[in-house]
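Asker: All chains, please: the whole structure from these sequences, using the hints.
Here's the letter readout for the chains.
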Amino acid sequence: MLDVIDLNIEFHDHLVPETVVFDFDLHMEQGEIVGLVGESGSGKSMTALAIAGLLSRHDMEKRGQILFEGKDLLTCERSKLRALQGNDISMIFQEPMTSLNPVYRVGWQVEEALRIHHPEMTDKQRKDRALAVLSDVELEEPERVYHSYPHQLSGGMRQRVMIAAAMICEPKLLIADEPTTALDVTIQAQIVKLLKRINREKRTGILFISHDLSLIRQLCRRVIVMQGGYIVESGPVEEIFLAPKQEYTKKLIGAIPKCEKKAVKREGA
Amino acid sequence: MKKKKSKNFKIGAMITGVMLFFIVVGFFWTPYDPEAMDKANKLAGVSFSHIMGCDNFGRDIFSRVLKGSGTTLLVALGTVAIGTVCGILAGAFTGYYGGIVDEVFMRINDALFAFPSILLGLVFISLVGSGKYNVIIALGIAFIPSFARIVRSEFIRCKNMDYVKSAKLAGAGNLRVMFVHILPNVMTVLSSSIMIGFNNAVLAEAGMSYLGIGVQPPDASLGRMLSEAQTYLFSAPGYALFPGIVLILMVLGFSLLAEGMKESR
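Heads up: the protein sequence lines correspond to chains A and B, in order. Per our numbering, residue 178 is the first one in the first sequence, and the count goes up by one each step. Per our numbering, residue 15 is the first one in the second sequence, and the count goes up by one each step.
Since the hints were derived computationally from the structure, they do not count as laboratory data. Treat the hints with care, since some could be wrong.
With a straight-line Cα cutoff of 25 Å, these simulated DSS-like cross-link-like pairs (lysine-lysine) come out [stated by the list, open to error]:
#: 1; chain 1: A; residue 1: Lys257; chain 2: B; residue 2: Lys179
#: 2; chain 1: B; residue 1: Lys276; chain 2: B; residue 2: Lys24
#: 3; chain 1: B; residue 1: Lys179; chain 2: A; residue 2: Lys248
Answerer: Encoded structure:
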């Protein structure tokens, strides 16, 4: 479904061009959950934005190929790219506070992708679909949420709304850029469970980006470790956790707080 | 604090409401024809038949004030409309796209902004001639830079927000993102500028008319009345006082209204 081949991303806005992603490779099948882990500045968000097609700034040079179902997203026309965005590829972000437009009601924003990709739908059909997807993401009282403004919802609810908005057109690939980092631990677990369920029921591929290894272990089948723009290690999750080959990966695993480590061990056993 | 908030709004609304009422009435009917000269009543004082007295030509001041306020309001609204619409378009495109177009445009904007509005108005009027509509265009152009600047900086702030990314990810094109998603967020800041702009427009129009380059007779204007009343300041103070007070009330009412609206948000 998704093939990233030799992706290089370079910033050109200063005198010296700065490469932030080196030779990134990724292969994802339909319905796979892949984790992308690394510290701040490792290039994981840039890669995600590139795959989502959001990096069309003129001071950035991208080399390589991003093949989504055969089409190279880096070289295709903007209209084709826009036809995919929201429809086949979607993304959710870290900060639920700023991901929603404060001046529009939540229901309107959830429907936005539908409005753009399916203009033939009537208002009622759109609303029904929006309510359906809002209850899909386990929000109680979808009707009330539909009519609320973002500031009237809690962080966990907002993140669920984001997921609903991203899923409304049933995309093949969902890129989740640290969706749980801004939430507290209990909500984090709920969101991860929700993503797992979406993947199971809708066969949506998920690229889960995080710096939280324990969440990646719960959710992903494969994981790619990045550092400083390079891929340091990649492979099946259990293999990476039980037998990390690289120093950096070992350090990352070692940095997981102890009480969580115990829980992880219990689950593994 | 809450009591003070609604007080501003209420007083402002009252003043503005009364003004608007009189202006609308004056549009259709005035006690006397504003141009009718009555030699017998030259510089007459306040009386029951002439509520505000007469000017040096015997024209009823109240009728002239009514018509004059209407003209001033029209010019101010037109000015703000042109300034806002063009300012939004200019600010939106330059703020959103940036690049060389932004640089060039901002330098032009700065140059325009450096001139006081009345001076720019003077230049424009000398080029195209005077008259109500020319004044509106002249002042409108003079007002574009301040609106454009505000809209541009708001667009620059908003375009990197996550909800813009979400909108693009939903598949929205650039125009849709700019005017459906970003613009409503800009309106909160812009609306206070529009209020201030309106007041400045009223004063600018009055200033230009006072100098003689604003609306020409037969159009009545508060500024022109003030200029004519100068010579008679001590012999018939009402001639200058009434238009002056009406001007002050207009600006005051609208300012209080704007303050009240801002506070209640």
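Asker: Please name the hints from earlier in the document that this structure breaks, with their numbers sorted from lowest to highest.
Answerer: Those not satisfied: there are none.
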